[in-house]
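J.: Residue strings, one per chain:
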Amino acid sequence: MQDAILDVKNLSIRYNGASEDAVRGVSFTLGRERLGIVGESGSGKSTVGRALLRLLPGARVTADRLRFEDVDLLDLSEREMLKVRGRRMSMILQDPKFSLNPIQRVGAQVAETYLRHFPANKAEARAKTLEMLAAVRIRDPERVHDLYPHEISGGMGQRVMIAMMLLADPDLVIADEPTSALDVTVRLQVLNILDGLVRDRGIGLIMISHDLNLVRNFCDRVLIMYAGRVVETLDARDMDAAEHPYTRGLLAAQPRIGGTRGPLAVLDRRPEWKEGSTP
Amino acid sequence: MSVRRTRLRGILGQITTIAVTLLGLLMLTFVIGRMMPADPVRAIVGEDATRETYEQVYLQLGLDRPLWEQFLRYLGDVLTGDFGNSIRTGKPVIEDILHVMPATVELATFAILIGAGLGIPLGVIAAVNKDRWPDHVVRVFSLFGHSMPIFWTGMIALIVFYAALGWVGGSGRMSQFYIGMVPTRSGFLLIDSALAGQWDVFRSAVNHLILPASLLGYSSSAYITRMTRSFMLDQLGQEYMTTARVKGLSKGQTIWRHAFGNIRVQLVTIVALAYGSLLEGAVLIETVFAWPGFGQYLTNNLIIGDMNAVMTCVLIVGVIFIGLNLLSDILYRLFDPRTK
Chain A
1 MQDAILDVKN
11 LSIRYNGASE
21 DAVRGVSFTL
31 GRERLGIVGE
41 SGSGKSTVGR
51 ALLRLLPGAR
61 VTADRLRFED
71 VDLLDLSERE
81 MLKVRGRRMS
91 MILQDPKFSL
101 NPIQRVGAQV
111 AETYLRHFPA
121 NKAEARAKTL
131 EMLAAVRIRD
141 PERVHDLYPH
151 EISGGMGQRV
161 MIAMMLLADP
171 DLVIADEPTS
181 ALDVTVRLQV
191 LNILDGLVRD
201 RGIGLIMISH
211 DLNLVRNFCD
221 RVLIMYAGRV
231 VETLDARDMD
241 AAEHPYTRGL
251 LAAQPRIGGT
261 RGPLAVLDRR
271 PEWKEGSTP
Chain B
1001 MSVRRTRLRG
1011 ILGQITTIAV
1021 TLLGLLMLTF
1031 VIGRMMPADP
1041 VRAIVGEDAT
1051 RETYEQVYLQ
1061 LGLDRPLWEQ
1071 FLRYLGDVLT
1081 GDFGNSIRTG
1091 KPVIEDILHV
1101 MPATVELATF
1111 AILIGAGLGI
1121 PLGVIAAVNK
1131 DRWPDHVVRV
1141 FSLFGHSMPI
1151 FWTGMIALIV
1161 FYAALGWVGG
1171 SGRMSQFYIG
1181 MVPTRSGFLL
1191 IDSALAGQWD
1201 VFRSAVNHLI
1211 LPASLLGYSS
1221 SAYITRMTRS
1231 FMLDQLGQEY
1241 MTTARVKGLS
1251 KGQTIWRHAF
1261 GNIRVQLVTI
1271 VALAYGSLLE
1281 GAVLIETVFA
1291 WPGFGQYLTN
1301 NLIIGDMNAV
1311 MTCVLIVGVI
1321 FIGLNLLSDI
1331 LYRLFDPRTK
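Going down the list, the sequences are from chains A and B.
The opening residue of the first sequence carries number 1 in the working numbering; numbering runs sequentially from there.
The opening residue of the second sequence carries number 1001 in the working numbering; numbering runs sequentially from there.
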């Protein structure tokens, strides 16, 4: 791919003290597109995201290639990494209840991203912050700017999170279960905001989720992970044509409105899939 | 309006709590005074007084009245600022205590500055480097401070730093030579000597203060270090720390800008309590260093059974702790937006 921003080949990750790799031989490339990574808990999807940001202390990361734009993430020094994080690659975390600092005003936390990466004074950072808060469709940015995290709702908290992570205009955003802590009613709203911003700014997005439906609606391509491996890669619109029995199992395990009322299919987990033998 | 009302109710509740605590404290000191085997009448009249003198004093003290009446009388006295006279010195107890208190406050304040100044950074270092060598070094260092008996370290330190090396002054608050040269205004020697422009005395006072304050500070830093480490470990695992790292902050920046703000409240509480126990009287260190402070005063009076003095001392210690608790409550509200 001509404008690949991320090129991962044969990525393996093992946590210290673990007897098995958490992620094994994962390869994919990413352009200015939206890539979904789907899998159940413990499949290694979040671990991949954190490895890209090099935020896995106490884990051994190996790969044949781990290239992000012009830099090799494998041998970048921590000092250089500080200029990548937040500025060129960022991550939206799951639950704003925990991912925002409880004793700092929302605006100050957002502005910190800007102040960290650009030579700006407080007033400029504040103006940028207010602009960004408006961009995530917060109606009264001036007021929200001075609130504390416990004074805003989950949906608004997640919009603040998006503002914080897109403020420095990164090229890649990893969204780690960005809506699973939110009420169903505001999920779509938050996703639409994220989606709009990502498209407008031409940002590459990796959406990590366990929600197959959500990913197929908001992503161009989907990686299905099982036990640390990618078992299948699909275009989102070809989801129904999935071949791997695990993917088919995931699809079959979803209830449908107007579908039969019988018991849902139970996921089959065969040990041989762990070794990556595709049927 | 309703916010103001809830706040007012909060303040009223706090005042009630303090009043009830104080009343309980007064009851306690009163009971201590009556239950102690020391005979207050005998302490005043002496061993060879006649029976008439004894009875006369017994009646004067109101000891024939029922206990509740005695307590009310004690309560009334205390509320009007009358804590009784010291048998030993004949002067009002409160005057004696005001005389010795500044020496202890001076010592305790320097000690807590050293203790917190040492303990907090060490605790943070230990937490950040959990289970690696800096953590082990810090733990051994603070365990040492915690478990060495302070009268022993006091003596050894005197031998080494005063007798052998001559780096610091010996016992007392200043050299014998300077005693009486500075007029007492606040009772705090450092302040008084500075006010009088007597810099020789000031230097001598610092010289004498530094060793006992360091030892006390070291021993209270052990506790502060341990608590800081565990508070910090709690915060380091929080999600908002990951957020800060994702934004591009270095590890050090996330610790001082984000995690530290979140442990401030807890730190204030434990440092206040540590300060309280230092004020209560570092009896042992005051004895070793012949420091004419509150701890020494309390011990001396306990030994001779001067109950008015002892009761008042206990009361003061209680009031100090109530005050520190109140202070940390107020700071809590200042530092944590969630409590508003």
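It should be emphasised that the hints constitute simulated quantities derived from the structure, not laboratory data.
Fair warning: there could be bad hints in the mix.
Unchecked claim - Straight line, CA to CA, 30 Å or less: simulated DSS-like cross-link-like pairs of lysine-lysine: (1) B:Lys1130 with A:Lys83; (2) A:Lys122 with A:Lys83; (3) B:Lys1130 with B:Lys1251; (4) A:Lys83 with A:Lys128; (5) A:Lys122 with B:Lys1251; (6) A:Lys9 with B:Lys1130; (7) A:Lys97 with A:Lys83; (8) A:Lys128 with A:Lys97; (9) A:Lys274 with A:Lys83; (10) B:Lys1251 with A:Lys97; (11) A:Lys97 with B:Lys1130; (12) A:Lys83 with B:Lys1251; (13) A:Lys122 with A:Lys97; (14) A:Lys128 with B:Lys1130.
J.: Hint by hint, where does the structure go against what was stated? Just the numbers, ascending.
T.: 6, 9, 14
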